[in-house]
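Let the sequences and hints guide you as you build the complete structure.
One line per chain: the protein sequences are A and B, in this order. When you line the first sequence up against the working numbering, it's residues 1 to 465, in that order. When you line the second sequence up against the working numbering, it's residues 1 to 465, in that order.
For the record, the hints were derived by calculation from the structure and aren't laboratory data. Please note that the accuracy of each hint is not assured.
Note that identical chains are pooled: a pair holds if it fits in a single copy or bridges any two copies.
As a list, the in silico DSBU-like pairs of lysine-lysine whose alpha-carbon atoms are at most 35 Å apart [as the list claims (entries may be wrong)]: (1) K330 - K110; (2) K110 - K333; (3) K111 - K333; (4) K303 - K111; (5) K326 - K110; (6) K234 - K326; (7) K411 - K110; (8) K330 - K93; (9) K276 - K89.
Residues per chain are reported as follows:
Protein chains: 2
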Amino acid sequence: VIYLDHFFKPNSIAVVGASRQPRKIGHVIFKNLIELGYLGRVYPINPNATTVLGQKAFKLISEIPDEIELAVIATPAPAVPANMEDCAKSNVKAAIVISGGFKETGEDGKKLEEEMLRIARDAGIRVIGPNCMGIYSTTPTHAIDTLFLPRYRLKRPKRGDIAFISQSGAFGAAVLDWAAELGVGISKFVSLGNKADIDEVDILHYLEDDQTSKCIAIYIEGTNRGRELSEALKEITAKKPVIVLKGGMTPEGQSAALSHTGILAGTPQIYEAMIKQTGAIRAETAEELLDFSVALSNQPLPKGERVMVVTNAGGFGVLTADSISKLGLKLAKPNDEIIEQIASNMPQRVTVRNPLDLVGDADPERYRIALEALTKDPNIDSIIVIILVQTPEIDPEIVDVLTNITAYYDKPLLVTTVGGELTQMLTKMFTEGGISTYPTPERTAKAMKALTTYAQHHMRTEAST
Amino acid sequence: VIYLDHFFKPNSIAVVGASRQPRKIGHVIFKNLIELGYLGRVYPINPNATTVLGQKAFKLISEIPDEIELAVIATPAPAVPANMEDCAKSNVKAAIVISGGFKETGEDGKKLEEEMLRIARDAGIRVIGPNCMGIYSTTPTHAIDTLFLPRYRLKRPKRGDIAFISQSGAFGAAVLDWAAELGVGISKFVSLGNKADIDEVDILHYLEDDQTSKCIAIYIEGTNRGRELSEALKEITAKKPVIVLKGGMTPEGQSAALSHTGILAGTPQIYEAMIKQTGAIRAETAEELLDFSVALSNQPLPKGERVMVVTNAGGFGVLTADSISKLGLKLAKPNDEIIEQIASNMPQRVTVRNPLDLVGDADPERYRIALEALTKDPNIDSIIVIILVQTPEIDPEIVDVLTNITAYYDKPLLVTTVGGELTQMLTKMFTEGGISTYPTPERTAKAMKALTTYAQHHMRTEAST
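Structure follows, in structure tokens:
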């Protein structure tokens, strides 16, 4: 067994600090584990209670008449070394230390962290944390959720193809919540916290061969293993895309990151060079981290940079052309035969060029005619479809049209739709149908650029092996 | 009376082409006018019906036994010159030509447009359009809505302080719909279309002294009056902010804009220089156009560029510091006394610096203590508050805390909150309370930059007069 399986596929879990009080984090973690689909055995550890949520409580892990594979520790920091001793005595394989109050608080906390780690190392226990949110995994056989926030505060995203590593717990929580709202699915999430033992390099290597994760998104503020991180990224990007958002890319951000994590952020130049050289995709914002992950986890890779734009709103066609050009992509020049074929099936006021403006009264059928022809054009490497629902003829039929086309199209097709309530409804329908949809022309174009950048890296890697 | 009042404050309107069929745009326009709060008299013009929506229909405007101030024309293009003759005969003062099929379709359409315009000019009738959405105005005494889309497709934004001019109708519609969803208010909206007669320069001058509009957002693809536009912007930005999004800022976008509007876009360099020299604020995306308008319409202007950041999530503090620094703003250095005052009222694990991380268990009271002190600090020019609702102690009380503080604070205070459903609820509550709230650290920082840029221009203008 790979040691990280003890975290992601444990057969039994003890929650240390499983309080009876609903607001305590140990209570929420225990409750979520027993309610949110974890299929293994879970035990509450609480010296002051006989039962928690109707389940028999134990004073110590060592009192449980069962093997415990994973301990989730949510007690006050000063108690954690003793908890770890208990884990050691009980042959626990892995521990997630949720508790804060360690290195991030200063010298005393640092000593406590070192003491806890020494005990774990002596016993061969691997540790995630401390000062973290732990793990959220949607693997069907081993769903696991140690996020200490109730679901009304932090919605859980559905099962999906994106793995997500965050050094910051709150950053991770906010992005998960956002993903859930957008209908974006997650395979595995890890909040790393202080990284006393396990860090991003370890998790990256684990995710490298994880079949449930088609791409990896990572938020990082600093690392103590720059060289290993660089090697891991290089190795993994040959197999699947890794999108990196680095916090602390300016002196001001760096200094904030230092005080936040106690880890030196490293110079921005070093990270910038590393991301580029390893073939990872750089996100500059949280929005890009999510946007790029959505495209890279479910779109085919483009073979070139020639983008076709189809729209029912001229203005957004213009802005999309601007974005494509600024990002160094190209507007495709459709084949003459294809142009003629489309033109012969369009009202006269539609002029077939790129951007192709189907004009304001375009209905789903007009999109179908245009897209069916364009998907056959070898001069086109990818398509951006803009659909404004504020026009009179767009109805839900458009979702069928696009899902039918993407079912056979082996190049990327991204959608832009801008607006309010009806737009968001349509976006959710598209997302359900596996079509990556973005709320502005610029975000769509950037996602296409991320696909193209990764595709180029992928082709270079393939050519060199 | 200023001539544009005939459009924005008409006492009577004739809708030419007011069909009985619910899907026809003339029908929707007539219906919206009689249902959406227009207080004047409205008449349907329809040669084939005796009534429309229960109101007596007329064959011609000249048959109406009433003075008609504004005609809204929604007939097929070939009929429009005759409609305009009817307007001329009836002493109509202003006409909005919604109909498409003019210059944007080629030579024949261009001739039709010229014919229509000649008739209007001879009769002294001013024209908005053709090929446009017309006007949406929320002025209490003269609410007017000629948008030809039903409300289930295009939500109408509430009354507010932002005026919005769009060359592209669909762009305008999508942004209005989006604004409605976000709870952002609009004073007046104009869709310019082909600009046969009235263009952005005319509207800008009208909005210059419009008390209901505190800032002006404009989407433009090209103009035939570059010098006048430049002069108008210069004059108006001395009084209120103007945010400009220019479509066609690359050769590709320019060429798309030309085919979209038939107006040469002008070189990007010229526009860039013009925007800068006139003191207008440049938006690079639709998102920025709206984001900047929200801040500039309801925030005080900062006296400098020193930003204080308060957060309950370290990671977002880091990303905010990064953004502030990249944009050329500065992290404020709070006064020592203020630091001490805050520190003495905080748990020990909170270290008072900038970004000020109130840590994950911060409650609204902790925010109140910190913000009440920081608002007194002369070393701080503006504040960004990050509030993650995925943390355990944030409740709706935080809205009261912030609205109480912004009620007396005479510097800008912007909020970042990232996440899903609960986050969006909180955002709506903040927006209702007049607090500009953004969904990512980067967008908040950019809005602060826009405020700062306009404030600097404003100070220069004041100093030179």
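We went through each hint and held it up to the structure:
1. Proximity of K330 to K110 under the C-alpha cut-off of 35 Å is restricted to the inter-copy arrangement: shortest distance 31 Å between copies versus 53 Å within a copy.
2. Taking the shortest alpha-carbon separations for K110 and K333, only the inter-copy value of 28 Å comes in at or below 35 Å, while the best intra-copy value is 61 Å.
3. With identical chains, the CA atoms of K111 and K333 are at most 35 Å apart between copies only, with a shortest distance of 31 Å across copies and 64 Å within one.
4. In this assembly of identical chains, the alpha carbons of K303 and K111 never lie at most 35 Å apart, being 53 Å within a copy and 45 Å across copies at closest.
5. Proximity of K326 to K110 under the C-alpha cut-off of 35 Å is restricted to the inter-copy arrangement: shortest distance 33 Å between copies versus 47 Å within a copy.
6. Proximity of K234 to K326 under the C-alpha cut-off of 35 Å is found in both arrangements, the shortest distances being 28 Å within a copy and 28 Å between copies.
7. Taking CA atoms no more than 35 Å apart as the test, K411 paired with K110 passes in neither setting, with 51 Å inside one copy and 40 Å between copies.
8. For the homomeric pair K330 and K93, neither the shortest alpha-carbon distance inside one copy (53 Å) nor that between copies (47 Å) is at most 35 Å.
9. In this assembly of identical chains, K276 and K89 lie within 35 Å of each other by CA distance neither inside one copy nor across copies; the values are 46 Å within and 69 Å between.
Going down the numbered hints, you'll see the structure goes against 4, 7, 8 and 9, while the others check out.
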